[in-house]
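Protein chains: 2
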Amino acid sequence: MSDKKIDPIRPADDDARALARGLIAQARFAALAVIDPDTQTPMVTRIALVPGHDGVPLTLISTLSSHTAALDACATCSLLIGEPGPKGDPLTHPRLSLQATAEVADKAGLKAHYLSLYPKAQLYYDFGDFRLFRFSPLGGLLNGGFGKAFRITPDDIVA
Amino acid sequence: MSDKKIDPIRPADDDARALARGLIAQARFAALAVIDPDTQTPMVTRIALVPGHDGVPLTLISTLSSHTAALDACATCSLLIGEPGPKGDPLTHPRLSLQATAEVADKAGLKAHYLSLYPKAQLYYDFGDFRLFRFSPLGGLLNGGFGKAFRITPDDIVA
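Here the protein sequences line up with chains A and B, keeping their order.
So for the first sequence, the working numbering puts the first residue at 997; every next one is plus one.
So for the second sequence, the working numbering puts the first residue at 997; every next one is plus one.
Be aware that one or more of the hints could be misleading.
Since the list gives no way to pick one copy over another, a pair counts as held whenever it fits inside one copy or between any two copies.
Said to hold, decoys possible - In the DSSO-like style, the derived pairs of lysine-lysine whose C-alpha atoms are separated by at most 30 angstroms in a straight line are:
# : residue 1 : residue 2
1 : Lys1083   : Lys1103
2 : Lys1083   : Lys1116
3 : Lys1116   : Lys1103
4 : Lys1144   : Lys1103
5 : Lys1144   : Lys1116
6 : Lys1107   : Lys1144
7 : Lys1083   : Lys1107
The hints are simulated quantities; they were obtained by calculation from the structure and are not laboratory data.
For reference, chain A alone in the conformation it holds in the complex (with noise of 0.2 angstroms):
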């Protein structure tokens, strides 16, 4: 997009690391883009998320659903994070789209934090077939609404 005149995309400032912080904080799921193994093209779900100690997203998905399986094929992804609610624009709601690395993360030490978050997983946490990943920030884009576009960089987000 380097041929583009204006880009009308801005570097976030502070008001905007705030709001993307926050669509994160409040997120308890999302969509989940990643690489389908089989044929290498788009596919999203949505799934389960809660915020971690540092802000980064983090999910408990089964083995057995077919976005794991993806991700242990391909672990780059996109979160979009920031739902609607039932009123209004849902195109001037503000929503993060989120590139990321999916790491799998300490399931026994986040036990604690991820079920204060999340009580219903109580349910089904230490099943052996469910990993717990974190979403480590490559970068992302955050649109609060008409005109409202910025660039979010893994500082911008990351405590």
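Assemble the complex: chain A is given as a structure, and chain B must be docked to it using the hints.
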């Protein structure tokens, strides 16, 4: 996944087909996953969505957006359709992960149809940088809640 002993994903039955078609019919936005042409990695953003006459989803998006540039480079993409309400467990809310080819659609011919379902787009429908795309389905995965996963074919959703 051919080495898996039990495939938890079933072929669609009439109820699954009706659910998938209903999710598309009701959706006015979705998550769109594309391949970022700069990095060849997934990127997921939010777009507007309406059902076409034949049940195939349509969107009106700006050529200035990063997802449109990505679709020009690689038209194979994925949509996550079906948004949780404000109550209940988001992971038990039905959703459709659709893999599709984005094709340029007849913007002028579909204007009345699109605006009847998405009146706010009247403000920018005729802007020269906006294009109408249809997402011709390649296949998909319908998740109707815990233990209710169905494989979706194009015939299951196209009228």
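Each hint, compared with the structure:
In the homo-oligomer, the alpha carbons of Lys1083 and Lys1103 lie at most 30 angstroms apart only across protomers (28 angstroms), although the nearest pairing inside one protomer, at 36 angstroms, exceeds that limit. Taking the shortest alpha-carbon separations for Lys1083 and Lys1116, both the intra-copy value of 27 angstroms and the inter-copy value of 14 angstroms come in at or below 30 angstroms. With identical chains, the CA atoms of Lys1116 and Lys1103 are at most 30 angstroms apart within one copy only, with a shortest distance of 16 angstroms there and 45 angstroms across copies. For the identical chains of this complex, Lys1144 and Lys1103 are inter-copy neighbours only, at 26 angstroms across copies versus 37 angstroms inside a copy, given an alpha-carbon limit of 30 angstroms.
Proximity of Lys1144 to Lys1116 under the C-alpha cut-off of 30 angstroms is restricted to the inter-copy arrangement: shortest distance 19 angstroms between copies versus 35 angstroms within a copy. When the C-alpha separation of Lys1107 and Lys1144 is checked against a cutoff of 30 angstroms, the pair qualifies only between copies, where the shortest distance is 27 angstroms, while the shortest distance within a copy is 37 angstroms. Proximity of Lys1083 and Lys1107 under a CA criterion of 30 angstroms is satisfied inter-copy only: 25 angstroms between copies versus 34 angstroms inside one chain copy.
The structure is consistent with each of the numbered hints, conforming to all of them.
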